[in-house]
Amino acid sequence: MPTQVTNYQCPSCGGPLRFSSEKQLLVCDYCGSEFTTKQVEDFYAAKDAAASQALDDLEHKLEESPEEIRTEWEYTGSEWSENMRAYSCPSCGAQIICDENTAATSCPYCGNPSIVAGNFSGGLKPDYCIPFKLDKDAAVSALRNYYKGKAFLPRAFTENNHIEEIKGVYVPFWLYDGDMAADVSYYATRSRTWTEGDYRVTRTDHYKLVRRGDVPFSRIPVDGSSKMPDEYMDAIEPFDYRELVPFSTAYMPGYLADKYDVDSKESRPRAVGRAERSSLNAMTATTGGYESVSVASSRFRLNNGSVRYAFLPVWLLSTKWNGKNYLFAMNGQTGKLIGDLPVSKGKFFGTFIGIAAAVFAVCFAALSFM
Amino acid sequence: MKKLACLFFTLALFLIPFSVLNAESDTMTQYCVYDVSDVMDGLSWDHFDDAAMEMSKEYRCGVYVVLVPGFEDYTHFDDDMVKAASDIIVRNTLGYGDGRDAVLLLIDTVTGKCSVGSSGSRGTYIFNDAALAEFDSSIAASVAFGDYDSAISTFLGECGKLFAYEKENGTAYLYTGTASDAGSQKSGDEMVTDCVYDFAGLLTDAEREKLENKARYLSELYKFGVYIYVVNDYQEVYPSSDVYFACEHVYETDGFGYGSENRDGIMLFLSMDERDFATYRTIGKGFYAFTDYGLYELEEYFLGPFRNNDWYGGFQNYLSYCDYLLDLAEKGTPLDYEPGGNSDPTYPSGNNEPEKMSLEEKCIVAAPGSLIISLITCLILRGKMKTAGIKTEANDYIVRNRIRMHDTRDIFTHSTTSRTRIHTESSSSSGGSSSGGHSFSSYSGSHGGGHSGKF
Chain G
1 MPTQVTNYQC PSCGGPLRFS SEKQLLVCDY CGSEFTTKQV EDFYAAKDAA
51 ASQALDDLEH KLEESPEEIR TEWEYTGSEW SENMRAYSCP SCGAQIICDE
101 NTAATSCPYC GNPSIVAGNF SGGLKPDYCI PFKLDKDAAV SALRNYYKGK
151 AFLPRAFTEN NHIEEIKGVY VPFWLYDGDM AADVSYYATR SRTWTEGDYR
201 VTRTDHYKLV RRGDVPFSRI PVDGSSKMPD EYMDAIEPFD YRELVPFSTA
251 YMPGYLADKY DVDSKESRPR AVGRAERSSL NAMTATTGGY ESVSVASSRF
301 RLNNGSVRYA FLPVWLLSTK WNGKNYLFAM NGQTGKLIGD LPVSKGKFFG
351 TFIGIAAAVF AVCFAALSFM
Chain E
1 MKKLACLFFT LALFLIPFSV LNAESDTMTQ YCVYDVSDVM DGLSWDHFDD
51 AAMEMSKEYR CGVYVVLVPG FEDYTHFDDD MVKAASDIIV RNTLGYGDGR
101 DAVLLLIDTV TGKCSVGSSG SRGTYIFNDA ALAEFDSSIA ASVAFGDYDS
151 AISTFLGECG KLFAYEKENG TAYLYTGTAS DAGSQKSGDE MVTDCVYDFA
201 GLLTDAEREK LENKARYLSE LYKFGVYIYV VNDYQEVYPS SDVYFACEHV
251 YETDGFGYGS ENRDGIMLFL SMDERDFATY RTIGKGFYAF TDYGLYELEE
301 YFLGPFRNND WYGGFQNYLS YCDYLLDLAE KGTPLDYEPG GNSDPTYPSG
351 NNEPEKMSLE EKCIVAAPGS LIISLITCLI LRGKMKTAGI KTEANDYIVR
401 NRIRMHDTRD IFTHSTTSRT RIHTESSSSS GGSSSGGHSF SSYSGSHGGG
451 HSGKF
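So the sequences go chain by chain: G and E.
Just so you know, we're using the numbering used here here: the first sequence kicks off at 1 and counts up by one.
Just so you know, we're using the numbering used here here: the second sequence kicks off at 1 and counts up by one.
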């Protein structure tokens, strides 16, 4: 159970630090200082060691004077509800009430980014993360560009559109590796036709094709958060894994993060299903030269499977129009933005009639000149 | 005039190969009689030169007389006077048209000897070796006695007879070789192949030669290749689903056709094992002369004898009807049974205007297509409004260079054969074929179309 909330503070002035996607550094908005993630990690490691020493001294002191007050870093609330937890903000002291899976958030009172360190410890610690490369402005700009060229988008949606909420989220993903052993057989035919007198004769040769092979996969992503819609997380793929770095909480300040609530066993069938279909396609790609090819049987077995836990950057933007929420997601690394837009029925039928009339006119004219 | 002609010829001989005697005309030289020995009087020269020129133009084959004092000085063939006569035609670019068709009487006024040579496909065809042998015997005596006027008069008379014979009979007098043999003797020939190929042994040598002569005659007359090609199994010629493709392949790849550019022509192709036939004609002149209807009519003429195993009769009918159809085309009235037959649009037809559609018909044709195209377009645009979706594949995550195949086998299990009767309605609607064949209008790499079937 998480027991602490960490707020990375500037070693220079004590102000809150946030991770800048543009500079790929932790920056202090108060004094302008900039630090690498390693510098901050080293600083806090030293600070933790000093605090540990101080705590030992305090315990020793408490044994002698039990009326001493508690430390401000401690988990203050009891169980808030079944899925909620309460923490105290190390910056202003206010109570932060959040989901039990929340790993990084910001204080609703002072706005300082905070990290629930317990959700990154032990088995919950991600192996990798991809730091945000695109900032909030890029996400807003991408959404505006996304509206362009959408013929059926209601004009009012564009004109009166206000982004209700925009947040950068490190989404927990499971990355699956493995070799898919495929054993597929096919029915295939090849035919030729000729005439004999008044008959057209077709001879069809039938074949059985056997294809066996290993198809290696690397890091198939499946999101481990039940709160994130799977179709959104799938659609913003792929991520560029060359920029994967070992996880550090120093990348978290300024963004939201949840620990996984769908474990790797539950997520595995989705990864395996995708790998099987791609393996089947890879086998089928070797069956050229036939008129028809159909799968007779297929068997797959995953070998050398392994899974890694990673935080991947996603910008979530939500808008409201006509009482309905519209959610958009942008890959925080590549900038790929997806989301469903409303369709104007008037524009749809207007376009339909317009195109039909134009094509009709062209066809009519062509037939007249023929 | 005579002196001028002699001077012209003498200069030409010494300026060979740079002189071109036919500078004044694209089809014929300026003079036909060259008296280098100066043994003829002016009146005779005028008379014979006019007669030879008139005959040359009428029969599209140059007729020449050359009198020289010692022929050895005018040719490399100083030991063969017949070859010398032909050589003089070629070396002096004499002859009619680009094919240099010509016959030449060479008289050596010193030795009193003479010879007749020919050149060009038409020249060597009409004035073949056998015919020339009779020539020599009839005029040699006159030359020996120095009576050149009689010799030239006899020569021109004999030439006229051979031309008339060829015109009336459609074949050259006493011609025993193949037309291609004759054609190969000269340069600039428009026909580089034989016209009749019988790899199935249907014809006797004599029959084949007669057909070859007739086909070549037609080809030269209409400047349109007329061919017959017979094999045992077309699959050995070109593995394909239909004999038509083998016919097309042979025509397009073996250099058939008249002329190096358009390669106009028609080919009748027989494959004897399965009694298949195919016809193929080239676009342009071929489609103009041999409309679909004309082609089916042509088939009616040769299929009857073929069904009775009368191969020679069938081929004769084929050539005769080709002659008929080509003649109609020459006159500007190709055989076609209905307006809109597939005569080539680049040729004048006069009755190929398609029937105009009514307003209602245009609407009926245009409306459904418009609605479907519009609907598809709108659905594509609507699809762009929804971009979130579950992924079912993981192609982006395959390590491509590490895919290993352990077993790839293609095992033949069995064959099935189906036979479907070809509807005769479709045949009759496309021209009234009784052979149950297929029509082909085009094929990759070809420049023609045709028909195939059984006999």
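By construction, these hints were calculated from the structure, which means they are not laboratory data.
Worth double-checking, as some hints may not be accurate.
[As the list claims (entries may be wrong)] The calculated lysine-lysine pairs, modelled on BS3-like cross-linking and capped at a C-alpha distance of 30 Å, are:
| no. | chain 1 | residue 1 | chain 2 | residue 2 |
| --- | --- | --- | --- | --- |
| 1 | E | Lys331 | G | Lys136 |
| 2 | E | Lys454 | G | Lys227 |
| 3 | G | Lys148 | G | Lys38 |
| 4 | E | Lys167 | G | Lys345 |
| 5 | G | Lys324 | E | Lys331 |
| 6 | E | Lys384 | G | Lys136 |
| 7 | E | Lys113 | G | Lys150 |
| 8 | E | Lys454 | G | Lys347 |
| 9 | G | Lys133 | E | Lys384 |
| 10 | G | Lys336 | E | Lys384 |
| 11 | G | Lys320 | E | Lys384 |
| 12 | G | Lys125 | G | Lys150 |
| 13 | G | Lys227 | E | Lys386 |
| 14 | G | Lys167 | E | Lys386 |
| 15 | G | Lys167 | E | Lys384 |
Everything numeric in this text was worked out from a predicted model, so none of it was measured.
Quickly compare the C-alpha distance for lysine 113 of chain E and lysine 150 of chain G to 30 Å and report which way the hint goes. It is violated: about 97 Å lies between the C-alpha atoms, which goes past 30 Å.
Between lysine 336 of chain G and lysine 384 of chain E, does the CA-CA distance stay at or below 30 Å? holds, 14 Å
Proposed proximity, lysine 347 of chain G with lysine 454 of chain E (alpha carbon, max 30 Å): violated, 60 Å
Mind checking the alpha carbons of lysine 331 of chain E and lysine 136 of chain G for me, to see if they're no more than 30 Å apart? Distance ~83 Å between lysine 331 of chain E and lysine 136 of chain G Cα, so the pair is violated.
With the threshold set at 30 Å, check whether the alpha-carbon distance from lysine 227 of chain G to lysine 386 of chain E stays at or below it. Within the cut-off at roughly 20 Å; holds.
Agreement of lysine 125 of chain G and lysine 150 of chain G with the hint, judged by alpha carbon distance not exceeding 30 Å: violated, 42 Å
Does lysine 227 of chain G lie within 30 Å of lysine 454 of chain E when you go C-alpha to C-alpha? violated, 73 Å
With the threshold set at 30 Å, check whether the alpha-carbon distance from lysine 320 of chain G to lysine 384 of chain E stays at or below it. Judged against 30 Å, a Cα distance of about 20 Å means the pair holds.
Assess, step by step, whether the Cα of lysine 384 of chain E is no farther than 30 Å from the Cα of lysine 136 of chain G, and give holds or violated. holds, 24 Å
Hinted pair, alpha-carbon criterion (30 Å max): lysine 148 of chain G, lysine 38 of chain G. Please report holds or violated. violated, 41 Å
Is the hinted pair lysine 133 of chain G and lysine 384 of chain E satisfied, with a Cα-Cα distance of at most 30 Å? The given pair, whose Cα atoms are some 26 Å apart, holds under the 30 Å limit.
Given the hint that lysine 167 of chain E pairs with lysine 345 of chain G, does the C-alpha gap stay at or below 30 Å? Outside the cut-off at roughly 81 Å; violated.
In this structure, the earlier hints numbered 1, 2, 3, 4, 5, 7, 8 and 12 are contradicted, and the remaining ones agree with it.
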